[in-house]
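The lines below spell out each chain.
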Amino acid sequence: MDSVIPLGWWGVPLAVLGGAIRAGTPFIFVSLGECLTEKSGRINLGLEGTLVMGAMSAYGISYLTGSPWLGVLVAGGSGMVLGALHAWACSRPRVNDIAVGIALMVFGTGLAFYLGKPFVQPKAPGLPAIELGWWSDHSQVRAALQVNALFAVGLVLAPLLRWGLYNTRWGLAVRAAGDSADAAQSLGYRVDRIRLISTALGGFLAGVGGAFLSLYFPGSWNEGLSSGQGLMAVALVIFARWDPILCVLASLLFGGASALGPALQSVGITSGYYLFNAAPYVLTLLIMVATSSTRRLMKGTPGELSVSK
Amino acid sequence: MALFGVFLALSGANPIDVFASIYRGAFGSWFAWQNTLQLAAPFMLTALCTALPAQLGLIVIGGEGALIIGGIAAVVAALAMRGAPPFAVIVGMMAGGMAAGGLWVGLAGALRAYRGVNETISTLLLNYIAIALMNHLVTGPIRDPEVVNRPSSWHVGEANMIGSIPGMDVHWGLVIGLVACAAAFVLMHSTVFGFAARMVGGNVRAARLAGLPVPLLTITACMIGGAAAGLAGMVEVAAVHGRVSSSLVVGYGYTGVLVAFIARQNPLAVVPTATLLGGINASSGLVQRTHDLPDATVLVMQGIIFLMILVSEPLYGRFRMLQRQSI
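In order, the protein sequence lines correspond to chains V and P.
Taking the numbering used here as reference, the numbering of the first sequence is continuous, increasing by one, and the terminal residue is 1522.
Taking the numbering used here as reference, the numbering of the second sequence is continuous, increasing by one, and the terminal residue is 1400.
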């Protein structure tokens, strides 16, 4: 702790960087999942429930089996089930995907709280951290550069997803389903099945994001674990213009913004602490205002999305 | 319902008993009814926030934010009018809550009308901005330093609280909710504005060709909806909490969205739907005590019911759906 004072103001960007990595990782997973889902033409607001469910199941499995990675896998699986449920419900005629999303949000969080009751107390083995700050003597530098393996996975996943969406047959099918269901159908694709797979995979990623929350940071399971990250991801994906790589950057930005308030507090700026929390939302809103128009769609917007009609 | 029964059976409770408890906790006694109605009042108002713009084909999920902003405005109004007679203060709080909520969602409506910003996303963002704004205000400018356990604003004053309806243990918020739903129904079905709004919802292009001011209608509908949710915030402040704090952020706005969708955006159908949901929420305590189940059980049930109703909608049509609600 003796190195806290000499860092002084440099502590702020450092804390923001650390926060961006720590708080941004769940965003990366949820937003990549949501990106895939939205590319196929649906919005899944239920990812909030998926996230909490993933956090709970990861923590529970990790506690019961002692293996955090198994927990991550099961979290993804539970997210997949919820995603598939959403896709199935939405494939019925005249069912609104936003309403189903909110219903699933209630269901997912409820189920997670219900099943997660016994896991509030015990301590489950968490995910290991990778020390990238070994070269520095400052404890703060080391703390900021302590990253989790899941972060790396997220970083690799984003270009992969982008490549998959734009360079494979399968990605073409997803984008076709998202841009014009009629066109996709006439090409012989089964739109509902494509969306089912996309939403289920999106749910898988959101579940993994939840696992990060409970197994790494903050690293415990309780009912106030998620503060709307799942809902925010929907905004984040729009902010990132449906581009997986931009999703990662936007996630880091959102994560960093959430760390800005506490960081400024540590150097003595305390006023407006909570207003900083609103910064990402205000920014997203302003960008949407600046780039949208009544006459054309934003670049990259999937045409079938209910919000773009 | 059957699904939830299976779920209960799996978790080791007798499903029939639990259903009986939910019924008893929600509608089984006069006390339970009062509880239910008390909880239903904010749902009715926040549901209107979604149901009214929905007549124009908009999906607004900003009830949560408008509720919070309405609550803040009510407190600010009460503080500004300190010393005035209670009745005047209450009127001032209502006006403040409605104006603030109306402007909040109206902003989303204006962005939609003039900039083409999607209203679902903008209202979602506005919800979070409202929460951050509230956190800022209750820890700074309007903080009551005497409340230590959670940051809260100043109290609006005991004399200025809305009391109970005579002969019942239910606050006046219920009456406000019922009147608002009825007024919304009349507005949408018996006025020129309502006709124009539903025409926009039916076909925007036809409405434009007919010379209707679509942007103006959009903003107005959003403002009225927002005003209803703002009123819900005022009711919560003036009848339940007395101050603004994080206890306002309990998802009434999102429940309102579901109520509106289950009620098929019909303001009159909002009343029974909100009552049903209020009942389910009210029964959660009893279910928890008598069956030793976690309180989240009720959340699970809500989720399942919503999903089932939403999914079965195209299959059964209106009549069967109303039957389901009356279970």
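No lab work stands behind these hints, which were simulated from the structure alone.
Glycine included, each C-beta is placed from N, C-alpha and C at the ideal position.
Misleading hints may appear alongside valid ones.
Computed spacing ranges between beta-carbons, pair by pair [unchecked claim]:
| hint | chain 1 | residue 1 | chain 2 | residue 2 | range |
| --- | --- | --- | --- | --- | --- |
| 1 | P | Tyr1096 | V | Val1333 | 26 to 36 angstroms |
| 2 | V | Leu1400 | P | Leu1282 | 27 to 37 angstroms |
| 3 | P | Val1313 | V | Tyr1379 | 37 to 47 angstroms |
Sample of chain P residues lacking proximity to chain V, with all beta carbon distances greater than 12 angstroms (derived) [to be verified]:
| hint | residue |
| --- | --- |
| 4 | Trp1103 |
| 5 | Phe1104 |
| 6 | Gly1156 |
| 7 | Pro1159 |
| 8 | Arg1188 |
| 9 | Glu1231 |
| 10 | Val1259 |
| 11 | Leu1260 |
| 12 | Gly1284 |
| 13 | Leu1285 |
| 14 | Thr1370 |
| 15 | Met1381 |
For each hint, the structure was consulted:
no., hint, result
1, Tyr1096/P - Val1333/V: 26 to 36 angstroms, "holds (30 angstroms)"
2, Leu1400/V - Leu1282/P: 27 to 37 angstroms, "holds (34 angstroms)"
3, Val1313/P - Tyr1379/V: 37 to 47 angstroms, "violated (52 angstroms)"
4, Trp1103, "holds (28 angstroms)"
5, Phe1104, "holds (25 angstroms)"
6, Gly1156, "holds (30 angstroms)"
7, Pro1159, "holds (32 angstroms)"
8, Arg1188, "violated (5 angstroms)"
9, Glu1231, "holds (28 angstroms)"
10, Val1259, "holds (25 angstroms)"
11, Leu1260, "holds (23 angstroms)"
12, Gly1284, "holds (18 angstroms)"
13, Leu1285, "holds (16 angstroms)"
14, Thr1370, "violated (6 angstroms)"
15, Met1381, "violated (9 angstroms)"
Checked against the numbered hints given earlier, this structure breaks hints 3, 8, 14 and 15; the rest are met.
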